Amino acid sequence: MLKNVKNEKSASEMVREEIDGMPYVRVALEMGLLNYSAFARLLTLKIKEKYNKKASKESVIVAAIRYQKDMVRDKLSEKLKIGISECTLSMRSDIIDLTLQRSLDTQQIINNFSKEVDWKSGEIMFVVQGRGEVEIILDRLNYKKISEMVSEESVVETISNLSIISVHQPNTNLTFIPGFYGFLLNSLAMSNINVIEVMSTLTELIIVVSQEQASRSYEKLSEIIKKFRC
17 MLKNVKNEKS
27 ASEMVREEID
37 GMPYVRVALE
47 MGLLNYSAFA
57 RLLTLKIKEK
67 YNKKASKESV
77 IVAAIRYQKD
87 MVRDKLSEKL
97 KIGISECTLS
107 MRSDIIDLTL
117 QRSLDTQQII
127 NNFSKEVDWK
137 SGEIMFVVQG
147 RGEVEIILDR
157 LNYKKISEMV
167 SEESVVETIS
177 NLSIISVHQP
187 NTNLTFIPGF
197 YGFLLNSLAM
207 SNINVIEVMS
217 TLTELIIVVS
227 QEQASRSYEK
237 LSEIIKKFRC
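Under the working numbering, the first residue of the sequence shown carries the number 17, and numbering increases by one thereafter.
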């Protein structure tokens, strides 16, 4: 138990302070979606480091359960709930992730090729650049085209049989919704879904998963959005 505090209320305050610092965890707790045992294992380590070396997993679980029972919805969690409730989903399959070595030649090829993509018809091309690599997310048709333009030596990795799930928020800049990315991605992780890539714009979160896990990912996100609309 948390013995170094003056009373039991102080122990609860420690747990609440940590939970309040993680908006997506707070909302999951409010909605009864939190795995207490798994979360307590992680939180106990933090409490031992910051507050009390004798803290136990059991005491953290008790404090979290009590917090869930008497939790009052604050503006932060309400903003997250409203933000997610307004989202819509779309999914696209037969996507390929092509990673190339970053160079002037690669950059020029990408710049020229982007002009040929038929955006109006829904063709896909996302580009993520790192220090030494460039990752391109494409539909199969455009992958075939660009693969003929790049050298074999420049290809670092190719991942096929992927799907894109787009989470669209029409009313709010996603960067102004604390916990938005964390909550959705954490929910997928808790469902044992492997997220291969994540990209975002002001109003859209783009999640890349395997086609094998695409339907389950879509269903999980749909379930979350519906719960927030209740």
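Note that these hints are calculated values from the structure, not bench results. Just so it is clear, the structure is predicted and the values come from calculations on it, not from any experiment. Note that beta-carbon positions come from the ideal geometry of N, C-alpha and C, so glycine has one too. Please note that a few of the clues may not be correct.
Subject to a maximum C-alpha distance of 25 Å in a straight line, what follows is the list of computed SDA-like cross-link-like pairs (lysine to any residue) [claimed, not checked]:
#1 K69 - K95
#2 K243 - Y52
#3 K136 - R118
#4 K236 - S109
#5 K97 - S216
#6 K85 - N202
Estimated spans, in silico, between C-beta atoms of each pair [to be verified]:
#7 S106 - K243: 40 to 46 Å
#8 L58 - D134: 45 to 51 Å
#9 Q145 - T219: 30 to 36 Å
#10 M47 - E168: 24 to 30 Å
#11 T174 - S106: 21 to 27 Å
#12 L49 - T174: 20 to 26 Å
#13 S101 - R32: 32 to 38 Å
#14 D134 - K242: 32 to 38 Å
#15 Y52 - V172: 40 to 46 Å
Evaluation of the provided hints:
Taking the CA atoms of K69 and K95, the gap is near 35 Å; set against the 25 Å cutoff, the hint is violated. Restraint check: the Cα-Cα separation between K243 and Y52 comes to about 20 Å, which is no more than 25 Å; the hinted pair holds. This hinted pair does not check out: K136 and R118 have alpha carbons roughly 28 Å apart, beyond 25 Å. Restraint check: the Cα-Cα separation between K236 and S109 comes to about 17 Å, which is no more than 25 Å; the hinted pair holds.
Taking the CA atoms of K97 and S216, the gap is near 19 Å; set against the 25 Å cutoff, the hint holds. Annotation: proposed proximity of K85 to N202 holds, straight-line Cα distance about 22 Å (limit 25 Å). Hint check: S106 to K243, Cβ distance near 20 Å, so the stated range 40 to 46 Å is violated. Checked against the hint of 45 to 51 Å, the C-beta distance between L58 and D134 comes to roughly 46 Å, which is consistent with it.
Remark: the range hint 30 to 36 Å for Q145 to T219 is contradicted by a beta-carbon distance near 22 Å. Between M47 and E168, the C-beta spacing of about 49 Å breaks the proposed range 24 to 30 Å. Roughly 24 Å separates the CB atoms of T174 and S106, a value that falls within the hinted 21 to 27 Å. A hinted range of 20 to 26 Å is violated for the C-beta pair L49 and T174, which are about 36 Å apart.
About 25 Å separates the C-beta atoms of S101 and R32, a value inconsistent with the hinted range of 32 to 38 Å. The given range of 32 to 38 Å is respected by D134 and K242, whose C-beta atoms sit roughly 34 Å from each other. Distance hint check: the CB atoms of Y52 and V172 are about 41 Å apart, consistent with the given range 40 to 46 Å.
Checked against the numbered hints above, the structure violates hints 1, 3, 7, 9, 10, 12 and 13; every other hint is satisfied.
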